[in-house]
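Could you put together the complete structure from these sequences and hints?
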Amino acid sequence: MEIAPPPFDLGAIAPFLIVAVGAMIALLADLFIPPARRPALGYFALGTTLVAIGACVWLWGGAVPRLAFANMIAVDRFGLFVTIVTLIGAALSILLSVDFLQEQRLGYGEYFPLMLFTVSGMILLAFANDLITFFIALEILSLGLYILAGSARGRAVSQESAIKYFLLGSFSFGFLVYGTSLIYGATGTTNFTALRVALEGSGLTDNPLLLAGLALVLVGFAFKLALAPFHMWTPDVYSGAPTAVTAFMSVGTKVATFAALLRLVTGALPALYADWSNALFALAIVTMILGNLAAITQRNIKRMLAYSSIGQAGYVLVAVVASDTTQPGVNDAAQSSVLFYLLAYTFMNLGAFAVVVALARPDDERLDLDRDYAGLARRQPLLAAAMAVFMLSLGGIPLTAGFMGKLLVFRAAIEAGYWPLAVVGVLTSAVALAFYLRVVVRMYAGESRHAEERPARVPVPLAVVLAVCLVATIQFGILPAIPLDAARGALTITAP
Amino acid sequence: MENWLFLIPLMPLLAFAFDLLLGRRFPGKWAHAPAWIAMAVAFVVSLLAVLRVARTGEPVSQTLWRWMPGADLGGFDIPFTIFIDQLTSVMILIITGIGFLIHIYSAGYMGHDPGYYRFFAYLSLFVFAMLVLVLGDNFLVMFFGWEGVGLCSYLLIGYWFDRRSAGDAAKKAFIVNRVGDFGFLIGMFLLFTTFGTLSFFGPEGIFANLAGKGEGVLTAIGLLLFVGAMGKSAQGPLTVWLPDAMEGPTPVSALIHAATMVTAGVYMMVRAHALYEAAPVALLVVLIVGLATCFIAATIGLVQNDIKRVMAYSTVSQLGYMVFAVGAGAFIPAIFHLMTHAFFKALLFLGAGSVIHGMHEEQDMRKMGGLRRSMPITYATLVAGSLALAGFPLTAGFFSKDEILVGTWFEGYPLAAIVGWIVAFMTAFYTFRMIFLTFHGQPRFDPEHVHPHESPPVMTLPLIALAIPSLLLGIIVGLPAEAGPIHQWLGPVFEGGGGHADAARTMAVAVAAAEEAHHPPAWLTVGGFAASTLLSLAGIALAWLMYGTGRISAQAMGRRFAGLYALFYNKWYLDDIYQALIVAPLDVLARILWKWVDAGFIDGIVNGVAHLTGGVSQQLRKVQTGVVSNYALAIALGTVIIVGVYLLLGPQFLAR
Numbered sequence: 004m005e006i007a008p009p010p011f012d013l014g015a016i017a018p019f020l021i022v023a024v025g026a027m028i029a030l031l032a033d034l035f036i037p038p039a040r041r042p043a044l045g046y047f048a049l050g051t052t053l054v055a056i057g058a059c060v061w062l063w064g065g066a067v068p069r070l071a072f073a074n075m076i077a078v079d080r081f082g083l084f085v086t087i088v089t090l091i092g093a094a095l096s097i098l099l100s101v102d103f104l105q106e107q108r109l110g111y112g113e114y115f116p117l118m119l120f121t122v123s124g125m126i127l128l129a130f131a132n133d134l135i136t137f138f139i140a141l142e143i144l145s146l147g148l149y150i151l152a153g154s155a156r157g158r159a160v161s162q163e164s165a166i167k168y169f170l171l172g173s174f175s176f177g178f179l180v181y182g183t184s185l186i187y188g189a190t191g192t193t194n195f196t197a198l199r200v201a202l203e204g205s206g207l208t209d210n211p212l213l214l215a216g217l218a219l220v221l222v223g224f225a226f227k228l229a230l231a232p233f234h235m236w237t238p239d240v241y242s243g244a245p246t247a248v249t250a251f252m253s254v255g256t257k258v259a260t261f262a263a264l265l266r267l268v269t270g271a272l273p274a275l276y277a278d279w280s281n282a283l284f285a286l287a288i289v290t291m292i293l294g295n296l297a298a299i300t301q302r303n304i305k306r307m308l309a310y311s312s313i314g315q316a317g318y319v320l321v322a323v324v325a326s327d328t329t330q331p332g333v334n335d336a337a338q339s340s341v342l343f344y345l346l347a348y349t350f351m352n353l354g355a356f357a358v359v360v361a362l363a364r365p366d367d368e369r370l371d372l373d374r375d376y377a378g379l380a381r382r383q384p385l386l387a388a389a390m391a392v393f394m395l396s397l398g399g400i401p402l403t404a405g406f407m408g409k410l411l412v413f414r415a416a417i418e419a420g421y422w423p424l425a426v427v428g429v430l431t432s433a434v435a436l437a438f439y440l441r442v443v444v445r446m447y448a449g450e451s452r453h454a455e456e457r458p459a460r461v462p463v464p465l466a467v468v469l470a471v472c473l474v475a476t477i478q479f480g481i482l483p484a485i486p487l488d489a490a491r492g493a494l495t496i497t498a499p
Numbered sequence: 111m112e113n114w115l116f117l118i119p120l121m122p123l124l125a126f127a128f129d130l131l132l133g134r135r136f137p138g139k140w141a142h143a144p145a146w147i148a149m150a151v152a153f154v155v156s157l158l159a160v161l162r163v164a165r166t167g168e169p170v171s172q173t174l175w176r177w178m179p180g181a182d183l184g185g186f187d188i189p190f191t192i193f194i195d196q197l198t199s200v201m202i203l204i205i206t207g208i209g210f211l212i213h214i215y216s217a218g219y220m221g222h223d224p225g226y227y228r229f230f231a232y233l234s235l236f237v238f239a240m241l242v243l244v245l246g247d248n249f250l251v252m253f254f255g256w257e258g259v260g261l262c263s264y265l266l267i268g269y270w271f272d273r274r275s276a277g278d279a280a281k282k283a284f285i286v287n288r289v290g291d292f293g294f295l296i297g298m299f300l301l302f303t304t305f306g307t308l309s310f311f312g313p314e315g316i317f318a319n320l321a322g323k324g325e326g327v328l329t330a331i332g333l334l335l336f337v338g339a340m341g342k343s344a345q346g347p348l349t350v351w352l353p354d355a356m357e358g359p360t361p362v363s364a365l366i367h368a369a370t371m372v373t374a375g376v377y378m379m380v381r382a383h384a385l386y387e388a389a390p391v392a393l394l395v396v397l398i399v400g401l402a403t404c405f406i407a408a409t410i411g412l413v414q415n416d417i418k419r420v421m422a423y424s425t426v427s428q429l430g431y432m433v434f435a436v437g438a439g440a441f442i443p444a445i446f447h448l449m450t451h452a453f454f455k456a457l458l459f460l461g462a463g464s465v466i467h468g469m470h471e472e473q474d475m476r477k478m479g480g481l482r483r484s485m486p487i488t489y490a491t492l493v494a495g496s497l498a499l500a501g502f503p504l505t506a507g508f509f510s511k512d513e514i515l516v517g518t519w520f521e522g523y524p525l526a527a528i529v530g531w532i533v534a535f536m537t538a539f540y541t542f543r544m545i546f547l548t549f550h551g552q553p554r555f556d557p558e559h560v561h562p563h564e565s566p567p568v569m570t571l572p573l574i575a576l577a578i579p580s581l582l583l584g585i586i587v588g589l590p591a592e593a594g595p596i597h598q599w600l601g602p603v604f605e606g607g608g609g610h611a612d613a614a615r616t617m618a619v620a621v622a623a624a625e626e627a628h629h630p631p632a633w634l635t636v637g638g639f640a641a642s643t644l645l646s647l648a649g650i651a652l653a654w655l656m657y658g659t660g661r662i663s664a665q666a667m668g669r670r671f672a673g674l675y676a677l678f679y680n681k682w683y684l685d686d687i688y689q690a691l692i693v694a695p696l697d698v699l700a701r702i703l704w705k706w707v708d709a710g711f712i713d714g715i716v717n718g719v720a721h722l723t724g725g726v727s728q729q730l731r732k733v734q735t736g737v738v739s740n741y742a743l744a745i746a747l748g749t750v751i752i753v754g755v756y757l758l759l760g761p762q763f764l765a766r
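Protein sequences, first through last, are from chains A and B. Everything in the first sequence is counted per the numbering used here, starting at 4 for the first residue and increasing by one. Everything in the second sequence is counted per the numbering used here, starting at 111 for the first residue and increasing by one.
Hints in this document: simulated from the structure, not taken from any laboratory. Note that beta-carbon positions come from the ideal geometry of N, C-alpha and C, so glycine has one too. Just to be clear, a hint being listed does not mean it is correct.
Which residues of chain B face chain A? A few of them, derived with a C-beta cut under 7 angstroms, are [unchecked claim]:
1) LEU131
2) THR307
3) THR723
4) LEU730
5) TYR741
6) ALA742
7) ALA744
8) ILE752
9) LEU757
Okay, here's the thing in structure tokens:
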């Protein structure tokens with residue numbers, strides 16, 4: 004029997020290739036660059052992401068959707084939209100890192116190449132149309148993140164963070180692989196397209212093997228998305244990792260993984276809607292409640308933002324639950340709200356982390372809410388104003404991106420009939436205001452402990468990040484039409 | 111589509127941001143510079159827009175963006191559109207023009223204040239909000255501005271927050287305005303449920319779809335919106351905040367509490383005139399409330415001794431004129447008076463500020479006197495403003511007030527017009543009482559300690575600039591009476607059902623005929639002129655006899671009419687009535703609620719919830735041990751639960 008190799012459609016995976024090749028070049032170049040010039044690598048990495056965004060835009064207008072590499076990759080607007088969001092997050096994170104690394108003396112040469120490798124994994128995740136591709140992508144991205152989390156080699160917390168992340172990640176990916184094998188056992192395929200065809204109208208939907216497989220795969224997702232009760236690694240890893248890394252993984256990973264989840268459940272498993280939506284329903288409620296409640300008692304801004312990101316993931320999950328493909332109108336509203344929320348979340352969360360980065364000193368990361376954020380508005384009014392906007396947006400106050408995101412998500416949930424999700428979502432949003440607004444109150448009403456000290460200058464790259472995030476956060480709240488239209492145009496999950 | 115209109119509101123907003131964020135670091139006292147520039151540019155752009163309107167006769171507009179288009183939220187798609195027609199033109203010229211002059215004046219008046227930059231930041235923010243209020247083409251944008259000016263008013267009344275009285279006055283203004291805003295908000299909800307939109311114009315807009323809507327619901331909307339107007343324009347039961355608002359710096363009183371913000375209610379009702387015309391009962395209520403306010407405030411103004419309080423009650427009274435003119439359906443005279451009043455009342459307040467400034471923060475007129483020699487420019491300009499307020503023949507106020515009274519008579523309310531003339535007499539009297547007490551006679555202050563001096567040019571130049579229109583504006587736009595340029599200018603706004611290319615303008619011939627017939631007869635016009643002239647002169651003469659020459663003893667008058675005097679002096683006991691009827695019962699109720707319901711029951715729940723959330727949060731911290739194997743256990747347990755539930759209970763364990 005002759006096996007014909009699948010055609011090499013390199014154009015289809017251009018964004019992935021650009022980033023991966025860029026990573027390799029950066030890795031090589033690092034050998035020849037003196038340590039003092041390492042920021043140049045950062046700007047090279049930034050350029051790489053921008054070129055990749057250009058490639059995405061090129062593909063957006065071209066012949067999409069298309070399947071490539073024996074249907075293991077699906078290039079469609081959905082994936083492209085997510086890739087662009089991921090790349091924007093990556094570009095901003097790179098800008099965030101350049102001065103931070105120097106100042107914190109973390110200027111290790113492999114930092115930016117690793118970041119690019121991680122991004123390449125995220126891109127592959129967004130296009131994955133096969134459980135195997137999906138797993139490979141997840142591993143690429145995770146391996147990079149494990150090392151990045153431990154990149155502050157001199158600090159024990161960073162090492163601890165990396166080890167915890169690695170151990171627990173490997174543990175849960177075990178479930179994921181096992182679940183994949185069970186699904187293969189039940190259906191004879193791992194391909195999303197083939198899975199959908201196999202499940203349609205078959206008697207397989209009650210197969211215990213398949214259901215157990217689905218459950219285990221969902222566990223893998225739940226870990227990576229930090230959904231309660233699989234979230235416990237998050238605060239430790241987020242607070243231990245260098246802040247720039249935390250910022251990067253809190254947005255990029257979530258965005259790409261949510262895209263993969265949505266592609267799997269609506270592209271491959273619509274026949275199992277009742278099953279996965281019920282599981283995600285329960286996870287969403289637990290996540291929204293736990294994430295927001297636990298954030299209240301946090302005094303460390305990074306831990307607070309870690310729990311906040313758990314709660315935010317719960318809100319996105321609400322819209323995933325509402326993605327019922329049998330009701331096209333509802334499904335469109337739900338999926339577009341997922342995309343909109345991910346986009347909004349990228350900007351507002353990165354913005355908040357950018358403020359944290361801006362406050363850090365070489366000897367002291369300045370993470371304590373009571374000590375370091377009190378009275379910030381008097382010392383650094385612009386920085387405090389920006390942080391206030393990000394907090395209000397994360398809390399969902401009108402005229403910000405976060406408000407529009409929540410509005411769309413809850414509306415999708417109600418349309419799909421999941422009003423308990425909307426009720427829990429609104430109630431937990433109210434709880435969440437307690438800790439988001441506490442930051443604002445501290446900044447504007449507190450007495451500064453660092454009053455005598457000269458406020459540090461915000462370096463230009465960081466100022467660019469802050470400005471971009473600020474403009475986007477406000478603009479998406481006042482003018483949501485532009486991103487919303489783009490998200491609407493990106494609703495073609497390919498599973499022909 | 112004029113794509114440069116956005117500059118009008120943007121400029122003051124930029125000035126606000128600039129001053130607030132960077133004002134403190136500004137070298138020297140230059141925080142007024144961005145505000146001055148912004149106001150000047152905004153005025154020029156406004157002027158260009160108005161010229162465009164004047165040339166084409168059509169409104170100009172620019173849609174900035176739509177809020178939530180396609181979000182598919184049941185038609186809740188709000189266009190943020192800047193809309194300028196003839197009515198808006200009048201408003202924006204007042205706001206930016208007088209606003210500019212007051213910004214200049216403020217640099218002198220507030221020059222010694224440590225919070226200089228903060229003052230200019232707030233003042234610019236106010237101008238922005240006020241412009242949004244008048245420029246919006248739907249109720250939501252208007253409400254946005256409406257709330258914005260309320261906020262700025264609060265911030266500026268309480269500007270000297272270290273004074274307890276200023277803080278109290280700010281809170282009073284805010285709370286009373288909340289009552290009004292609540293009515294406005296409910297009215298807006300009712301509008302949206304009735305019409306499915308909040309837009310004014312266009313075929314889908316509110317004013318084009320009034321036909322076929324029940325008069326009951328329109329009356330309810332009209333009355334609810336009027337509650338909002340009562341709050342902003344200090345009418346009826348909601349007047350009480352405005353006199354106290356004089357705790358704010360004087361330029362604030364001039365700009366916000368005389369020229370612009372307090373006229374927002376009048377503007378809103380004139381803008382929604384089509385709605386009100388379809389709800390005659392609501393209009394009648396507006397008329398009665400306005401007339402009563404006009405009368406009561408004037409009587410209180412007769413006996414005040416604080417120079418700014420005289421102005422405050424006079425403002426309430428003049429706003430009453432505008433409101434009852436609206437109630438009578440005399441919309442153009444109402445806007446005419448709004449315009450002239452903005453000039454002469456801003457002038458009067460700024461002049462009073464100049465007097466207070468020169469007298470070292472003294473506001474009691476009984477401790478002034480004879481100031482005309484030391485403050486000649488202030489004296490001259492204040493007299494000009496007072497003549498206008500008193501309706502002295504041929505001044506601006508004379509024409510506009512006369513039009514209101516004649517218009518009201520003509521629209522079928524002669525009784526209201528007669529009350530209006532009585533108020534005109536009182537107005538002339540208290541205005542010149544103020545002039546004579548302040549500037550004439552012998553000084554009643556201690557010349558050893560107080561050295562009254564003329565204010566610097568930065569303050570007197572705006573006074574002069576305002577005095578000219580106060581005297582001449584009436585002749586320019588008000589002649590011939592009831593058909594002057596102001597009528598020709600504003601006429602298009604009131605044509606047809608909702609105005610502006612409206613399909614309701616069906617029978618042009620009939621309308622033209624109606625227009626022809628819609629002029630008061632000559633005898634009424636001439637009679638009105640005569641009555642206004644006589645009453646104004648009589649009021650001034652009486653003031654002269656009592657306070658200029660002392661031929662009639664004010665004390666004797668006070669004794670003879672002791673009852674009335676007490677009534678007026680105590681502001682008709684309005685504050686006391688509120689204290690007894692609303693505040694005290696509320697206080698008792700609040701105490702009961704606090705002691706029993708709140709402390710016992712609600713606090714129990716709230717604290718319980720807080721303890722619960724905090725407690726849960728604390729417990730969650732304990733779970734977060736930091737030990738990896740514990741975390742792995744949680745993952746394993748979670749997995750067991752999910753898989754177990756699937757396998758044991760089957761898929762449909764959670765019904766939707």
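Taking the hints in turn, this is what the structure says about them:
no. : hint   : verdict
1   : LEU131 : holds, 6 angstroms
2   : THR307 : violated, 18 angstroms
3   : THR723 : holds, 6 angstroms
4   : LEU730 : holds, 4 angstroms
5   : TYR741 : holds, 4 angstroms
6   : ALA742 : holds, 5 angstroms
7   : ALA744 : holds, 5 angstroms
8   : ILE752 : holds, 5 angstroms
9   : LEU757 : holds, 6 angstroms
Going through the hint list in order, the structure does not satisfy hint 2, though it satisfies all others.
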